[in-house]
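Let the sequences and hints guide you as you build the complete structure.
Chains as they are written, first to last, in my numbering: chain A, 65 to 282; chain B, 630 to 892.
For the record, the hints were derived by calculation from the structure and aren't laboratory data.
A hint or two may mislead.
Once the Cα atoms are required to be at most 30 Å apart in a straight line, the calculated DSBU-like pairs of lysine-lysine come out as [claimed, not checked]:
1. B/Lys673 / A/Lys146
2. A/Lys279 / B/Lys667
3. A/Lys90 / A/Lys153
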Amino acid sequence: MIFITFNTVSELACFLAGLIFLFKDKDPAWRLLIWYLLFTCIVEVAGIYIRTSLHVSNIPLYNLSVIPECFVTSYFFYSLYKTYHPKIKWLIIWLSIFLIMYFTELILNHFNNFVSITASVMSVVFVLASLYYYYLKLKDEHFERLLFYAPFWWVSGTLFFYFGSTACNLFFDYLIKYPSISYEFSIRYIIFCILDVILYSFWSYAFICRYLQRKSYS
Amino acid sequence: MQISSEEIIFLIGLTSIIFLIAPCFLILYVLSYNRRKKKHLEEKVWLKTTFENELLKTQMEVQEQTLKTVANDLHDNIGQLLSLITITLSTIDLEENSKIASKITLTDDLTRRSINELKALSRLLHGEELISKGLAAAIEFELEWLKRSERYEISFERNNFKSVVDSGKETMVFRLFQECINNIIQHAKASKIVIILEQDNSSFKLTISDDGIGFNVDEKLNLKMGMGLYNIKRRAAMINGTATITSIPGNGSVIAITVPSNQ
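See the structure below:
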């Protein structure tokens, strides 16, 4: 029962939605999300297991999961910008900066703490990437029915998640000292539960839209 | 002053809520802008369709005008010539040898004139081909036809006018020109018509003036009937141009059509 949380349920539901609706998708970026969601589910369950059964810190596991998170999300944004002819060099530059920052912080923390600064910077970059996508959409003369447009909802979910988690990221060091102050769950846990539910709901809806779009074209 | 941990927790919670509300409004903004974009695109399509319909109508009107001229010419000119030929031929008396030669010469002359008239009509029937040779050439040809009536003193000036890239615009302007000339023939009682076609870097201007009886511009514009002055203004606006109509009763009228060249 300990494995059934808001996070695990929403991640699993989104993974299943991805598996059903994206399995036959022709775009590798969308198909990659299935593997990414599977990875997220495994990390989440493993994180709970390590913390509750092995009674050791699961921070190294979450530190490790930041890399695929950054790579997959960045690549997906890059694939969304494809229509607007983005330059691959920006993706490479960003990923290089990320890796340098990540390993520097990891070494400075002696592999003991969460790479919060890197995660914060990553959040900010993804928020900017989402806003830039909106800007491109507003500028684009080509009309899309956004209510049923999968990339729009994927970006919206991402924006909610990374923008909403900014406060938590900024106060990460403080929050980690006081994991649960006056509530059963810490404020960080509650906020991330809400953000996860929003993110995976949006993504699941995006997968449905993607499926319907693919069906209508075939 | 020390801030308690509860206050910080509250602050983080509040900030997170605000950070969640902000994207909501952003998404709503993008969605509403997108709806406006859709509306704008629909309007653009509608305008394009309207313009195409109007252009088609204009082309048909140019053809109609040509056919009217052909019909009038067949009736008034070629018809008369052929009747004269018939009459001349019927009056030939084979026993009056002295008159036969002169009558045959007259018939020959009338036949040649009929052939020339038919050739001119044939050229006129290729109205669309005429516009493809350029606006100035089309106006010139139309005026040549009008000069044959010998009712008007006509002057046509081309100041720096070369060509207009958009053939649709040329057709529209040519039709406006035809309608202005029609109005002069039907209502103006003019003896002199002056046409000036000029061009600068950004636009071209067609000015048609006459020395006729003139009219009250506001009164005629309010009629909004048929291919009147209101329609001249409306059609000029469709090609992003303007039509300025100036007239004083008793002192003739001036219609100036200005159209941007590159839009």
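Going down the list of hints, with the structure as the test:
1. Under the criterion of a C-alpha separation no larger than 30 Å, the hint pairing B/Lys673 with A/Lys146 is consistent with the structure, at around 27 Å.
2. Restraint check for A/Lys279 and B/Lys667: the C-alpha separation of about 23 Å stays at or below 30 Å, so the hint holds.
3. Distance hint between A/Lys90 and A/Lys153 is fulfilled; the C-alpha atoms sit about 25 Å from each other, no more than 30 Å.
Hint compliance for this structure: every hint is met.
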